[in-house]
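S.K.: Chains as they are written, first to last, in our numbering: chain U, 436 to 779; chain P, 4 to 108.
Don't take every hint at face value.
Some chain P residues judged to face chain U by a derived CB distance under 7 Å, without partners named [said to hold, decoys possible]:
| no. | residue |
| --- | --- |
| 1 | Gly30 |
| 2 | Lys35 |
| 3 | Pro47 |
| 4 | Gly48 |
| 5 | Tyr51 |
| 6 | Gly52 |
| 7 | Ala55 |
| 8 | Arg56 |
| 9 | Glu58 |
| 10 | Asp59 |
| 11 | Ala67 |
| 12 | Ser68 |
| 13 | Phe100 |
To be clear, the hints were calculated from the coordinates, so they are not data collected in a lab. Quick caveat, the model's predicted, so the values are computed rather than measured. All C-beta atoms in this analysis are idealised placements derived from N, C-alpha and C, irrespective of residue type, glycine included.
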Amino acid sequence: MSADKTIDLALRSYPGWWRERYADEVSLVSHDLAAEGHSTPRIALNLLGGSIQARAIGRGMPKSYRLCSLRTRTSIAAATLPWLIVVPFVMATMGSVSFHAAAGPVGWTGFSAYPSHLQFNNINPGPVPPLTTAGHLALYSALAITVLFFVTFVVLISGWSGLSRGIRQSNSPHKRRLRLLAWTPVFALLVDVALVIAQGGVRPTTLTGHAGHFVLSGGNPTVLHVLNIVVPSVAISGWLASAVCVAAAARRADIAPADLRFGKSVAVTVAALFTLLGAAYATWGIGLLMQSRQAATGDYTTVGYAHTGLWIPVMSVLVIAVAVSVVSACAARGSWKTISSTLL
Amino acid sequence: MKSKRLGKTQDPTTLVLTSLSGGPKHGYAVIKDIEAMSGVSFGPGTLYGVLARLEDEGLVESLASDENRRPYRITGNGAAALRERLEANVKVATIGFKRLGALGA
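One chain only, chain P, in its complex shape (with noise of 0.2 Å):
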């Protein structure tokens, strides 16, 4: 069974960043992706709100684009932030599943 005491499991920075390290996407298919693969709902305003700070700290980039949709790519930087970020939480899942192994659990 499936609890939610615990609350979110990811935070909406390496939600986005995950999105976007799949190649550039404009908004409303980050929401899309993000949706698909962890079942989180992000409202507009949480999305933009994270690539806003993610554009301030050069970890993501807006592509020219004609259209007022505007894809946005994942930089160098966020590419490593991003990987530091998932090893730290791969780290904490492997001791987990460890002590979870070794309490029968």
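Okay, chain U solo, but in the shape it has when bound (with noise of 0.2 Å):
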């Protein structure tokens, strides 16, 4: 990519108000920089740092009504969209929980309120060996992510309903195509269970035994093979689908005030419950990658997940997730407060 494009694109990155403002001899004094030998990425990467303060701080931007709603919109989506795009994938990677003692897997019945008092009943003879603080606390980490995961979700759903709200009671011209995309999830969700139904409708139906062999027959095994590919396809690509659409469709609908300081108040909820869902998270890995020292010293019980060897690259990219929600939730939170304070 030629010098010219590269920094013409990291510019592009500003918000509008700024490139209005401040584009054209920015733009100058790159091409001169570039032109002296200074290295483009390099300028085009201190024009992207520079983009994301213009976007979190918004210092410098023009008081007027349209563009702070315009900025608390976009905070909003960009507070809410990390987490939509990256806790379900958070919460398939863990995979599902299993014991283990020096004897053999151990079977769980499920949780106490008392860590001491879990409930295990052991499949093979003999007591069951405690379990180990650290397996304690990754087990219960676990408890608390799923709680988190399930509380965002309730507010997000409370957040979407005030969105297709404000979108119904919106002058905006483009009201049918905003209310189109906020109600993907909805249309996504539809085609999900009309293929599960569909899937239901080929799965073999009669089971036949002879001699202690049983045999399933019956539906229709190739329809049923390519559905098994198309449906967790579709439900993936539905739900990133969906979180797109409605992150668009914040930014683009002109809400009341009062929507709007519901939606900023649902993006600080998030990128709260996002940060406990983080420190879950850490404490979850960190948990189990503890727990080995403690059981070398004795028999103990131990706790495993499926995917724990995912831990690090998905706690990575949780880290800049949650960093992105926090930062866009302060950036709805003091362009609400400019409008509140200024301009109502």
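Can you join these two chains into the complex? Each is in its own frame, and there are hints to help.
M.R.: What follows is the structure, encoded as structure tokens:
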């Protein structure tokens, strides 16, 4: 890519109001520096850093309701989108829980209010050895992650209903298109349900047994095989499309100040819960890493999850996503404050 | 021997205000002036981040220009803020030199 294109691309990452005010002169300065021999990627990176700052802080932005409202809506979308994209994958990458002792696998019947009274039943003869302290930490962190996931999901659904209401009551000329965008999750869910029903319809229906051999027959194995691939693919792409479409609708919908304030509160709550989830995920991983040390000193039960190996890469993505969410929620809060204190 | 452990010797705001205190300049001229004055090389993203903030706070103002190279000028408030900052720096520097002298360093 040429130096001119790289610089122009980096300049496009600035918000509209900033480009209107500074883009021409910054472009000239950047091209002068590049012509003088300064490294173009370094200039572009410096511009990207500046654009993040301009978006996050919004210093120098003209104080008009249109711009502040757009900035609040963009920030709300940016605060919630990372959760919507990253967290379902975080949940999926944890996998199912299992327990092991020196004698073999240990059965588990559920949580107790007291960490020392976790309910185990031993599959093997003899008493169940105690769970390591780090194992307790990992287990209760996983419980916290699940609880935080569902609480945040409920907050997001209330935010989504607020957005739908805001769009319905707005005077936007693109109201119909925006409503379609906002309703994408419902359409995606309906498609998923239809596919799952279709999957059930082509499953084998008859179980015949002869001389200890059982054979499943009936249904349509070819269609079932295709659906087994299509259903998860459609579910994942539907989820991602829903997240992006709702964020796009939130950014474009010119909603009333009361709905904007509600959206800001949703963004701040999601960012706070997301931070807690990030901390719980970090504790979960550390607990899993540390339990082997204690288990080596005696007879202990250890906790295991299916995809523990993915902890470091997932944690890295999670840290970035939480940072984006928190910075955006702060930006939403800041621009709403400008609206409420000076523009309403 | 110079040490890099202490990090930047001046913050970008002071450098930009000091540069503009020598007269109105456009962005590229500010970058070159700061480079010559302190050896610090500013990127355009950093410079215009500082200029936007200073303009917002009323410490600098842009002048009308026919070209895209708009010159910036320090305002009265900007000059007062710079003076205050430099006096604080001089005070710290004076005490630092005195103490270094007492140490024989």
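S.K.: With reference to the structure, classify each hint as holding or not holding.
M.R.: Hint by hint, here is what the structure shows:
1. A least Cβ separation of about 4 Å between glycine 30 of chain P and chain U falls short of the 7 Å threshold, and the interface hint therefore holds.
2. Hint on lysine 35 of chain P is violated. Least Cβ distance to chain U is approximately 9 Å, over the 7 Å limit.
3. Given hint, proline 47 of chain P at the interface with chain U, holds; its Cβ is 5 Å from that chain's nearest Cβ, closer than 7 Å.
4. The criterion of a C-beta within 7 Å of any C-beta in chain U is met by glycine 48 of chain P, whose closest approach is roughly 3 Å, and the hint holds.
5. With a cut of 7 Å, the hint placing tyrosine 51 of chain P at the interface with chain U holds, because the nearest CB-to-CB distance is about 5 Å.
6. The criterion of a C-beta within 7 Å of any C-beta in chain U is met by glycine 52 of chain P, whose closest approach is roughly 5 Å, and the hint holds.
7. The beta carbon of alanine 55 of chain P comes within 4 Å of a beta carbon in chain U, closer than 7 Å, and the hint placing it at the interface holds.
8. Of the supplied interface hints, the one on arginine 56 of chain P holds, with its beta-carbon coming within about 5 Å of a beta-carbon of chain U, less than 7 Å.
9. Look at glutamate 58 of chain P: its Cβ gets to within about 6 Å of chain U, closer than 7 Å, so that hint holds up.
10. Because the beta carbon of aspartate 59 of chain P sits about 4 Å from the nearest beta carbon in chain U, less than 7 Å, this interface hint is met.
11. The beta carbon of alanine 67 of chain P comes no nearer than 13 Å to any beta carbon in chain U, farther than 7 Å, and the hint placing it at the interface is violated.
12. Using the Cβ-Cβ criterion of 7 Å, the hint placing serine 68 of chain P at the interface with chain U is not satisfied: the shortest such distance is roughly 9 Å.
13. Using the Cβ-Cβ criterion of 7 Å, the hint placing phenylalanine 100 of chain P at the interface with chain U is not satisfied: the shortest such distance is roughly 34 Å.
Comparing the model with each earlier hint shows violations of hints 2, 11, 12, 13; every other hint is respected.
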